[in-house]
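So the protein lines, in turn, are chains A and B.
For the first sequence, counting from 1, position 48 maps to 48 in my numbering; every step adds exactly one.
For the second sequence, counting from 1, position 144 maps to 144 in my numbering; every step adds exactly one.
Misleading hints may appear alongside valid ones.
Pairs count within a copy or across copies, as identical chains cannot be separated in the list.
To be verified - Derived pair list, reagent style DSS-like, types lysine-lysine, alpha-carbon separation capped at 30 Å:
1) Lys707 to Lys306
2) Lys473 to Lys352
3) Lys228 to Lys69
4) Lys243 to Lys689
5) Lys548 to Lys346
6) Lys346 to Lys473
By construction, these hints were calculated from the structure, which means they are not laboratory data.
Chain by chain, the residues:
There are 2 protein chains.
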Amino acid sequence: MAARFETGGIPKTTNKDLQNERSKATFTPEMLTYLLDGGKHKTERRRYLEKLIEKDPTGIFSNDTNELKHRTDRYVSALAKHVRLIELCRSMEFAAKQGNAGVEGGELILDEDWFTLLHALADDMPTSLHWIMFVPNIMSLCDEEQQKQWLPLCRNWQIMGCYAQTELGHGSNVRALETTATFVKGNDGGSWKINSPTLTSIKFWPGTLGRTANYAMLIARLIDGEGKDHGVHNFLVPLRSRKDHTLLPGVTTGDIGPKIGYNNIDNGFAKFDNVIIPRRNMAMKFASVDENGIYTKKNMSAAASKVAYITMMQVRAYIIMEAGKSLAKGLTIAIRYSAVRRQGFKNEKKSKVETQILDYTQQQHRLFPLVAASYCFFFTGKKIMTDLTAIENRLMAGDDSLRKNQVADIHASTSALKSFTSTITGDGLEDARKSCGGHGFLQASGLPELVTTYLQSATVEGDNQMLPMQVVKVLLNLVSAVQSGNEKDIAEWNDCDATYLVPLLQSMMNQETDKCVIDSEEGMMNFDVLLAAYKHRAARLLFQVSLKIYGQVQEGVPMEIAWNSALVQMGRVSRAHSLVILLVNFYNGIKEETGKGVLGDNEAKILTDLAVLFGLYWIEKESGEFLEDGYMSADQCQWVRAGVLNMLQIVRPNIVALVDANDFSDFRLKSTLGRKDGNVYPAIMEASKKDPLNVSEPGPGYDKHLKRLYVDGVGVFTGTASRL
Amino acid sequence: MAARFETGGIPKTTNKDLQNERSKATFTPEMLTYLLDGGKHKTERRRYLEKLIEKDPTGIFSNDTNELKHRTDRYVSALAKHVRLIELCRSMEFAAKQGNAGVEGGELILDEDWFTLLHALADDMPTSLHWIMFVPNIMSLCDEEQQKQWLPLCRNWQIMGCYAQTELGHGSNVRALETTATFVKGNDGGSWKINSPTLTSIKFWPGTLGRTANYAMLIARLIDGEGKDHGVHNFLVPLRSRKDHTLLPGVTTGDIGPKIGYNNIDNGFAKFDNVIIPRRNMAMKFASVDENGIYTKKNMSAAASKVAYITMMQVRAYIIMEAGKSLAKGLTIAIRYSAVRRQGFKNEKKSKVETQILDYTQQQHRLFPLVAASYCFFFTGKKIMTDLTAIENRLMAGDDSLRKNQVADIHASTSALKSFTSTITGDGLEDARKSCGGHGFLQASGLPELVTTYLQSATVEGDNQMLPMQVVKVLLNLVSAVQSGNEKDIAEWNDCDATYLVPLLQSMMNQETDKCVIDSEEGMMNFDVLLAAYKHRAARLLFQVSLKIYGQVQEGVPMEIAWNSALVQMGRVSRAHSLVILLVNFYNGIKEETGKGVLGDNEAKILTDLAVLFGLYWIEKESGEFLEDGYMSADQCQWVRAGVLNMLQIVRPNIVALVDANDFSDFRLKSTLGRKDGNVYPAIMEASKKDPLNVSEPGPGYDKHLKRLYVDGVGVFTGTASRL
């Protein structure tokens with residue numbers, strides 16, 4: 001079939017509509033690329049590493065037939081990519097320190113280059129959790145001697161580990177985990193007996209566990225020599241022989257089965273039946289058990305315990321940063337295709353020219369605020385990462401000037417933002433996919449895998465519906481401080497993301513009413529006016545939740561029931577708080593980068609437009625929350641709606657350049673619709689040619705099944721029918 | 001591996017939490033089952049036919065390994081199912097008239113039984129469009145002689161057809177289609193030459209076209225004997241030899257490639273190079289071309305032209321009905337699993353019992369309004385189907401009493417409702433999936449395929465973002481009639497779904513202000529109060545759109561620009577109008593069925609609770625639109641929010657019984673999490689065992705790839721690294 005069908009291949013020229021869109025840009029996209037990468041040098045380094053992957057002569061890194069493969073074959077090809085990647089890295093070696101490498105060639109920088117390479121693969125690796133979770137866990141929870149023993153093996157990929165926490169019947173409630181590690185005395189210095197006592201205690205979900213890993217960092221209840229349960233601790237458990245990868249005695253593991261996305265990864269289950277591991281395989285940095293089975297908690301400074309806590313938050317911060325990038329990927333595809341795609345005649349009866357989809361206001365309304373969000377998330381991701389590092393350094397240095405609540409505050413921020421940004425990104429990617437009409441349904445558009453792989457982000461590292469509780473728990477302490485009126489307690493909330501709440505709550509407690517006083521549409525398009533509205537809303541919703549909970553508790557309702565009654569509102573508080581942080585960082589980030597010369601005036605202008613659009617859009621979307629206490633008026637609400645439409649027009653000429661600036665190569669986008677050259681339709685036909693259903697003519701299943709209808713006539717009807 | 005791993009199988013008993021939930025129900029679920037099926041007799045017939053499939057001795061209908069198969073194998077197994085289904089049908093024959101069959105055995109009733117059987121398969125058939133689109137097209141567009149020629153072959157499955165309209169570069173804009181059918185004079189009575197003149201004219205997307213069909217109902221521009229273009233017409237084009245399924249000369253077809261869902265179906269492309277078909281293969285009921293190539297439009301009554309139009313609307317009505325069912329499927333899984341799953345200790349420090357997820361208010365808030373929606377959509381789907389049939393019958397009978405606008409009105413209703421119900425269902429299914437946490441990510445939960453297969457509904461049969469334009473186009477005529485003040489014109493809008501708009505628009509045009517006057521939370525929970533609010537909102541949004549468009553036009557703005565500026569608001573109008581229709585039909589439907597004795601008081605009570613919940617929920621969700629013109633006050637808004645939480649508690653005891661009442665068998669649900677017996681965890685482990693990644697030990701890819709790291713040591717590092 002394929003031989004008979006010639007589409008003429010893909011032209012070498014760029015689609016004219018895309019050329020035209022690019023020529024309209026009022027800013028220099030490359031400057032935004034440097035901003036997003038962290039500097040021109042980093043952009044160039046990234047491009048260099050991406051080319052290494054793309055041009056690798058083995059062809060192992062090709063993603064051309066990913067979506068055509070059976071899952072088993074995709075897993076195997078991902079393993080092949082991993083091993084090839086390691087070979088490539090070994091041929092360059094890693095630099096001893098960051099910053100040593102030039103743009104091209106030279107030694108690789110561990111972490112920075114490694115993650116750039118992983119991104120450059122544009123495919124999910126079943127091995128990636130080894131570096132993301134297993135190795136960091138050893139580094140933060142094992143003592144020095146243990147690290148010396150295990151880290152070299154990890155670095156050499158002779159140990160590949162997974163992080164085994166969740167169990168079949170237990171997700172985020174760590175306290176409920178059932179797996180046990182029981183101390184066994186012996187001449188060997190003692191050992192641990194690992195057991196899965198029930199069906200629900202089977203470890204379930206850890207990535208890399210199913211087929212790939214030979215070690216697990218296992219979370220289990222520690223039962224000491226006297227039979228006392230010390231709650232969950234970490235244990236390094238060998239799963240498979242390092243010689244031949246056979247399962248060790250008492251261990252059973254397997255892959256848990258295909259998923260809606262992320263199918264390169266072998267999420268696994270593991271059952272332990274009296275598995276014996278050495279005593280020193282317990283991670284002993286913060287607690288230890290001696291040869292007699294005596295449990296000791298090690299002295300740990302308050303600061304050190306908080307540092308461990310920060311590592312957890314960094315994962316959430318990473319999700320926030322990645323949200324912007326993932327969203328930008330989907331939008332690059334959707335916006336470029338909307339520029340190329342034409343539908344509907346301009347003038348119903350006469351015209352022969354169809355309209356660019358990008359010119360329909362509802363398409364703009366669907367996509368442009370998401371483009372704004374992708375930039376917005378970048379600024380906050382960067383800011384939160386910087387803040388976390390700064391707090392970590394100050395804790396390590398024993399800096400006394402750190403506010404008592406700063407760690408809790410950033411915990412609230414990361415929780416709220418992880419929930420909000422990954423929700424918006426997940427929904428936004430799917431909306432971007434839908435905005436491509438039928439062709440967005442095709443795997444070859446690149447959008448389906450982008451959507452389904454991203455879906456996990458709403459659930460992992462704190463379910464997006466559960467995180468708001470953690471946010472409100474922290475912020476209610478702020479409410480209490482304000483309520484107490486104690487200046488010292490209040491001051492402990494300075495220099496926090498949540499600081500803005502203090503004066504607003506004070507005025508609410510004094511029953512002062514606050515109103516938006518703007519009296520024109522232009523006025524509504526002012527960033528500070530929007531920000532004030534968001535701050536007011538967040539404070540009001542928080543205050544209402546506190547009244548709701550404590551009001552009930554005062555009436556004798558048990559706390560858990562009062563708390564449960566406020567869960568829906570907590571989601572609103574968390575989202576409202578997120579939006580304040582996002583807007584503040586968006587605006588400040590633009591100013592700061594402009595001050596540093598990273599952005600010119602033109603770049604600052606378009607980003608500020610996006611910030612205003614973002615601010616207006618989310619008020620429009622949730623207008624009830626701004627109206628329901630009279631803060632905003634009906635007129636102001638209408639101005640917001642008009643403002644959104646107005647901003648869409650302002651942003652319109654730059655929209656293709658704004659997605660271009662993300663600088664995703666075609667290799668990374670893997671999309672017929674999102675090609676940089678816009679040759680969408682030839683690319684779709686070329687992709688169809690590779691479809692395995694088309695390899696034989698007639699197609700599969702004809703001889704065995706269809707022929708029985710068409711030739712043998714098993715469907716011939718001998719009775720009488722109602723319709724025929 | 002599998003041999004070593006024993007989970008003890010799945011218990012025969014039902015989970016206690018589910019037993020407890022069922023015992024709490026205050027109504028008889030079976031009565032709702034009869035309601036949903038259309039009567040006890042139909043329920044029993046459905047169950048009988050489902051058992052035929054489920055217990056078929058060949059085992060061909062098994063869905064056990066669906067998600068483990070490569071797409072090609074799934075397609076082939078679906079063909080096998082189709083042929084087996086035809087065999088089964090032939091062994092029973094079809095009844096000459098509906099209603100002849102008893103509950104068990106007997107002859108099958110065409111259409112009714114056929115669709116029950118298709119649903120019973122619980123798998124998508126690459127052959128289903130033959131009955132759904134191809135055959136109806138022949139019946140409505142071909143003349144009697146043509147029908148006599150082709151329908152018997154269709155009925156005998158010797159012709160299997162597809163409906164080939166969309167092209168690579170052309171979706172819903174039918175006027176832009178490029179494929180041509182050019183008349184060729186000849187001694188054979190004339191023929192058509194079919195051509196795909198450009199790359200973008202390649203037929204693309206039609207289901208069944210790729211590999212399965214041997215005929216296409218092709219939509220092409222008719223070029224008559226004089227070279228005149230008469231726009232698009234339908235042509236019956238043979239694609240493949242009926243003897244050996246080889247492609248006929250000049251025809252190229254193929255599958256378009258894997259998609260995000262619906263992968264059993266071979267959506268295809270087709271390119272035509274001078275394909276010759278007989279003149280009489282043009283569908284000639286409403287137009288014909290004679291042997292000299294002269295085109296004639298046949299006399300067709302206005303009524304007949306409208307009947308053709310109604311057939312199109314029936315497809316949308318079908319989507320509305322199916323939306324409720326699809327949603328109910330996902331909710332059956334999510335609600336049952338939420339009853340079984342426990343997480344979080346009741347009392348933080350002391351308790352050992354974890355809370356049922358179903359007791360968390362945010363889980364209730366997420367799922368219960370969707371349960372309400374699933375019942376709500378049922379009533380409207382049923383009503384619209386009944387209305388369409390009634391209108392069709394009246395048109396056929398030449399009934400003069402039909403209002404001028406009734407066809408346009410139901411066109412607006414079906415367009416609005418198709419868009420709204422399929423959006424809510426698509427989003428709702430994904431939310432139900434997310435509400436199951438990690439396990440909802442597994443294919444074995446049944447939810448991924450439910451979600452991804454449903455996604456097409458937002459795009460097919462009118463993109464959900466485009467349909468609102470059609471709604472507003474109709475409703476603006478109503479606004480004009482009201483504006484004109486002409487009683488006769490206004491009266492033509494009587495007996496319509498949109499009739500409610502007339503008095504509201506009149507009062508708005510008289511600048512009368514309307515306010516919700518309720519002064520208590522109880523008052524807000526009244527159905528009529530809610531409905532009045534919805535009606536007001538719909539009328540106001542419509543009126544605003546008309547002011548926006550005509551205001552601009554009066555100022556000299558071209559209509560197409562004015563129209564484009566209002567597209568975002570049109571989406572709101574369409575949704576607002578949908579909600580009015582849905583609520584009216586929900587409430588009236590309950591009353592009517594209660595009056596007929598189909599529902600008892602207990603069933604009516606719980607359905608009314610759902611209707612109130614549904615009404616409150618959507619005001620809460622879109623509260624801005626009820627507040628922004630002052631119709632509702634801040635207090636009323638708070639009462640709505642409180643009312644939602646209140647209704648969740650009222651509905652809570654019946655929620656499992658409400659999903660049970662849909663009576664989905666485990667065979668149809670295909671879900672580890674949604675099992676009727678609630679044995680979730682054993683079922684998950686059993687499903688994992690079948691995973692192809694687990695068939696060998698060590699797993700696939702070890703020898704070729706992983707071994708190189710673990711044994712050959714290709715990853716051994718010889719330099720110095722930053723972290724290690």
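Do the hints match the structure? See the list:
Proximity of Lys707 and Lys306 under a CA criterion of 30 Å is satisfied in neither setting, with 69 Å inside one chain copy and 40 Å between copies. Taking identical chains as interchangeable, the C-alpha atoms of Lys473 and Lys352 lie at most 30 Å apart only when they sit on different chains, with a minimum of 22 Å there against 60 Å within one chain. For the identical chains of this complex, Lys228 and Lys69 are neighbours neither inside a copy (50 Å) nor across copies (48 Å), given an alpha-carbon limit of 30 Å. Taking the shortest alpha-carbon separations for Lys243 and Lys689, only the inter-copy value of 26 Å comes in at or below 30 Å, while the best intra-copy value is 43 Å.
For the identical chains of this complex, Lys548 and Lys346 are inter-copy neighbours only, at 20 Å across copies versus 54 Å inside a copy, given an alpha-carbon limit of 30 Å. Only between protomers do Lys346 and Lys473 lie at most 30 Å apart by alpha-carbon distance; the minimum there is 17 Å, versus 55 Å within a single protomer.
Checked against the numbered hints given earlier, the structure breaks hints 1 and 3 and satisfies all the rest.
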